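Keeping their order, the protein sequence lines are chains S and L.
Counting along the first sequence from 1, when you hit position 35 you're at 35 in the numbering used here, and nothing is skipped either side.
Counting along the second sequence from 1, when you hit position 136 you're at 1136 in the numbering used here, and nothing is skipped either side.
The hints are simulated quantities; they were obtained by calculation from the structure and are not laboratory data.
No experiment lies behind these values; they were computed from the predicted model shown.
One thing to keep in mind: the hints can contain errors.
Chain S side only, calculated, beta carbon under 7 Å to chain L, not exhaustive [to be verified]:
#1 Ala93
#2 Leu133
#3 Val174
#4 Ala279
#5 Pro280
#6 Leu312
#7 Leu326
Heads up, the beta-carbon is just placed ideally off N, CA and C, and yes, glycines get one too.
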Amino acid sequence: MTVAVERPAAPSGDDRGRRPGLITRLKSGYQKHWYAYAMIAPVVVVLAVIVLYPLVRGFYLTLTDATSLNSARTIGVNHIDATYKFIGLDNYADILWGPTAYDRFWSHFIWTIVWTAACVALHYGLGLGLALLLNQKGLRGRTAYRMMLILPWAVPTFVTVFAWRFMLADAGVVNTTLDALGMPSPAWLEDPLFQQIAAIMVNTWCGVPFMMVSLLGGLQSIDSTLYEAAEMDGANAWQQFRNVTLPGLRSVSSTVVLLGVIWTFNQFAIIFLLFGNTAPDAQILVTWAYYLGFGQTPRDYAQSATYGVLLLSLLIVFTSVYRRWLNRNDVQAAI
Amino acid sequence: MSTQTLSTSPALDPVETSVPRNAPRRGRRSRGVSVATHAVLVVASLVALFPIGWLVFLSLGPGKDDYLHPSRILDTATLSNYSFVLEHTNFLKWLGNTLIVSLGTTVIGVLVAATSGYAVSRMRFPGYKKFMWVLLITQMFPIAVLMVPMYVILSDLRLIDTYAALILVYLTTAVPYCAWLMKGYFDTIPVEIDEAGRVDGLSPFGTFFRLILPLARPGLAVAGFYTMITAWSEVAFATTFMLDDQKYTLAVGLQSFVSQHDAQRQYMAATAVLIAIPISAVFYLVQKNLVTGLTAGGTKG
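Bound conformation, chain S alone:
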């Protein structure tokens, strides 16, 4: 049992001399690393059973015409076998450039991009602003402010969305206030454009605390002597921010932005709970796919899964590009 704690990728002894046979290598690899494998085994097993297998099956579904009408199901005591058949890539072709593809896919695609970009920008911008304010030296009441500002994160999303529905309702408090101030009071939950604005608003409200707390931690980890040096050099506040704060936050930022993009892109709960099925124009791809697979009859499993696979590929492409871009700029992200 030659397990040792190794920090960097230590050159293994196997590389010297003749390369041993496969079995030997597996065996020595197992002896050397068995407890690393034992430690990750639970995660690997669970992910393989509950994620990998469904993913493979889900991918297979995209190549068929499965709906709730032709899938295997049990009605009372009768078991009906699945009758759906393999149709190759027709689902993908249909979604991407079939008739009315714009209404079914591209409009949701564009809205998803807008939604993700707007939400992540707002999350990050507001989060960074608040973190900078909270991080000032000698700020009074910092703890109290922080406690209040992270409240949106502490309360479950479905509760806050529910509260927002009350507030955004036709004669709810938001519109009453706008009315009183002499401003127009839009139909937040009905008008397509304002549905989108409302969705972004609610998601921003929910997502800022995570960014704020992460960035606050990042700010606190910046060495304070760097600021002192910058001040010595006569850097003004803006220059200090540009040249000390931002570079110091780079690795935190690159991680939280990536997570933010992934989470916002797949943000299901907010739009689903805010509008239910009443807002075809405000559905991002995830909620739209859920609607196809579960919100309508007959349920279109194949198309829904196809949307899912398209979504996943988009995210993987984005992440690879992002990672390459980070590496080129020499940023150590936690990926």
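Given the coordinates of chain S, work out where chain L should sit on it, guided by the hints.
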């Protein structure tokens, strides 16, 4: 450039005067900046608090349309909605279900995330890079592609309508992120501690459980909190996998109020407040650790 200004030589002065007059100085910010800071923070705090405060306020109103006439509530405020929800609905049953599911997920999830986080932090085993990549990609899986096949698997395993099904599913969402987070946290703990443990004759697992885990408490708190809130507030899977209304979690239960009591929003508001209280309490218990725990994962690659 810095050599000239290192000491308090006269060379510093021209630079000093070129700095805008209102530039905030560390330690002695001008009054205006301070007022502006507090103004912004107060407004932001109000925005953060208002929806929740409003919900609490509305939950005191006895009528179902009181949310449209908030001024009415001031005179008629009552806790009757709460007693109704507690006595005449399945709330307590759902609360029990939610507790079982979220505590189960938290305990298993944190343990599993900590071991795998430790493994990737300390050991460079073959497949290490791939494993990290898988953890990241798992977070990208849209529910739409997984829902149907997961349902099929869980019903094959006869797990539909059981707590185990939800716990398993939530583990797959929470553990990848937590393992990532824990890896970052373990990276900040010096390797020398492990080595000292090994020298003293502890087994690898002994080192992990007796030396490292106690040191990683802030990281564990954050991971535990993240897992718990994931399980507590998840809606889509719970709606699909829990069909029996005796097995609903609170997230599903709240939805069922819509059809059950059609427009009786006052009960929904009261229920929502009751749901938010326990998890927010947990949140404030761990919030001291949030800053350190979260960022360790971000700053150290």
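Quiz item: Checking against the hints above, which ones are violated?
Solution: 1, 3, 4, 5 and 7
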